[in-house]
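Chemist: Sequence:
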Amino acid sequence: SGAEAVGVRRGDIVVSADGEHVSEIGDLAAVIDRKEIGQTVSLELYRDGEMVYVDVELSESA
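Numbering (the UniProt record's numbering) for the sequence shown: 1 to 62.
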């Protein structure tokens with residue numbers, strides 16, 4: 001999937017996006033909505049008991 005291509009895996013829990021706490025999908029959507037195509041969102045993910053950091057460049061959906 002597109003998410004896996006940028007380093008987000010099934011089962012990852014998004015903890016924050018651009019430093020803003022994410023507790024539900026709407027929180028993540030709000031951060032993404034403020035961005036333009038081509039900009040980057042920094043995600044903090046909880047994966048398999050540890051924190052993982054991924055930068056995701058936004059692109060248009062297919």
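For the record, the hints were derived by calculation from the structure and aren't laboratory data. Source: prediction; values computed, not measured. Mixed in with the good hints, there may be bad ones.
What the hints assert, rightly or not - What follows is a set of in silico ranges between Cβ atoms, one per label pair, in the way DEER data are often shown:
1) Tyr-53 with Arg-10: 14 to 22 angstroms
2) Glu-36 with Gly-11: 27 to 35 angstroms
3) Asp-27 with Asp-55: 27 to 35 angstroms
4) Glu-57 with Glu-20: 25 to 33 angstroms
5) Ser-23 with Val-52: 15 to 23 angstroms
6) Asp-33 with Asp-55: 17 to 25 angstroms
7) Asp-33 with Val-6: 24 to 32 angstroms
Positions of the beta carbon are idealized from the N, C-alpha and C atoms, including for glycine.
Chemist: Could you run down the list of hints and mark each one as holding or not?
Modeler: Quick rundown of the hints versus the structure:
Between Tyr-53 and Arg-10, the C-beta spacing of about 18 angstroms keeps the proposed range 14 to 22 angstroms intact. In this structure the supplied range 27 to 35 angstroms holds for Glu-36 paired with Gly-11, their Cβ-Cβ distance being about 29 angstroms. For the hinted restraint 27 to 35 angstroms between Asp-27 and Asp-55, the CB-CB distance of approximately 18 angstroms leaves it violated. Checked against the given bound of 25 to 33 angstroms, the beta carbons of Glu-57 and Glu-20, roughly 18 angstroms apart, lie outside it.
In this structure the supplied range 15 to 23 angstroms holds for Ser-23 paired with Val-52, their Cβ-Cβ distance being about 18 angstroms. Between Asp-33 and Asp-55 the Cβ separation comes to about 18 angstroms, which falls inside the hinted range of 17 to 25 angstroms. Checking the proposed 24 to 32 angstroms range against Asp-33 and Val-6 shows it is violated: the Cβ atoms sit about 18 angstroms from each other.
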